[in-house]
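Student: Construct the entire structure; sequences and hints are all you get.
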Amino acid sequence: MTALAGSIPRMMRPTLAQNYPRSGFPLEVSTPLGQGRVNQLGGVFINGRPLPNHIRHKIVEMAHHGIRPCVISRQLRVSHGCVSKILCRYQETGSIRPGAIGGSKPKQGTTPDVEKRIEEYKRENPVSSISRIMRSKFGVKGDEEEDDDEIERKELEDHDRRAKHSIEGILGDRCE
DNA sequence: ACCGTTACGGTTGAC
DNA sequence: CCGTCAACCGTAACG
Numbered sequence: 001m002t003a004l005a006g007s008i009p010r011m012m013r014p015t016l017a018q019n020y021p022r023s024g025f026p027l028e029v030s031t032p033l034g035q036g037r038v039n040q041l042g043g044v045f046i047n048g049r050p051l052p053n054h055i056r057h058k059i060v061e062m063a064h065h066g067i068r069p070c071v072i073s074r075q076l077r078v079s080h081g082c083v084s085k086i087l088c089r090y091q092e093t094g095s096i097r098p099g100a101i102g103g104s105k106p107k108q109g110t111t112p113d114v115e116k117r118i119e120e121y122k123r124e125n126p127v128s129s130i131s132r133i134m135r136s137k138f139g140v141k142g143d144e145e146e147d148d149d150e151i152e153r154k155e156l157e158d159h160d161r162r163a164k165h166s167i168e169g170i171l172g173d174r175c176e
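Numbering-wise (full-length UniProt numbering), the first sequence opens with residue 1 and increments by one.
Please note that the accuracy of each hint is not assured.
Have a look at the derived ranges for each label pair, beta carbon to beta carbon [said to hold, decoys possible]: (1) S104 - L41: 32 to 42 Å; (2) H65 - P98: 29 to 39 Å; (3) V44 - K85: 16 to 26 Å; (4) S104 - Q75: 21 to 31 Å; (5) P98 - H64: 14 to 24 Å; (6) G66 - S104: 22 to 32 Å; (7) S104 - H65: 37 to 47 Å.
Hints listed in this document are in silico derivations from the structure and should not be mistaken for laboratory results. The C-beta atom is built at its ideal place from N, Cα and C for all residues, glycine as well.
Tutor: Rendered as structure tokens:
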């Protein structure tokens with residue numbers, strides 16, 4: 001631990017396993033998802049997955065009450081970088097939700113015209129009705145615990161992607 | 001002590 | 001069905 005950082009250039013930082021010299025690896029914890037780990041503050045997190053919605057909500061709420069990020073970090077046991085990131089995003093977008101994970105870009109490049117049509121399509125199809133359609137048509141994944149916010153978020157992302165793809169499919173020929 | 005930034009390993013999901 | 005790839009995640013550490 002002592003001589004780990006400092007002289008080591010950032011690019012040459014130790015690997016994840018080497019980053020936890022005391023234990024060899026962060027403590028593993030069993031969660032519904034099965035991959036929980038414990039960070040330096042003692043908080044549980046799942047590598048690669050967003051923090052639970054209620055934690056994100058609490059971070060924003062505390063910041064709203066004027067509580068300093070370092071205090072929030074300690075109290076919620078979330079890394080300071082993460083608190084900073086979530087608050088930054090909240091300031092910029094006004095949303096506490098994480099971005100869409102996974103997926104890849106559609107094959108065809110979108111033209112401004114396509115983007116415009118997508119926006120129109122979204123406006124004509126409010127989220128609430130789409131949510132109902134999605135729920136009845138595709139169901140909801142049951143392999144993990146999801147609160148309403150999470151479900152709505154996934155539906156929104158899913159809808160946006162499908163809408164974009166279908167519209168691009170429709171306009172694809174015409175745009176050439 | 002605090003906080004913005006970033007390298008890193010990891011997960012996810014469309015293609 | 002499966003591998004690839006690019007997007008995002010949170011942590012840990014630097015400055």
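Student: Could you run down the list of hints and mark each one as holding or not?
Tutor: Structure-based check of all given hints:
1. S104 - L41: 32 to 42 Å: Distance hint for S104, L41 holds at roughly 34 Å.
2. H65 - P98: 29 to 39 Å: 22 Å, violated
3. V44 - K85: 16 to 26 Å: 18 Å, holds
4. S104 - Q75: 21 to 31 Å: Check failed, 38 Å falls outside 21 to 31 Å.
5. P98 - H64: 14 to 24 Å: 19 Å, holds
6. G66 - S104: 22 to 32 Å: 41 Å, violated
7. S104 - H65: 37 to 47 Å: Given a distance of about 40 Å, which is inside 37 to 47 Å, the answer is holds.
The structure is inconsistent with the numbered hints 2, 4, 6, although it conforms to all the rest.
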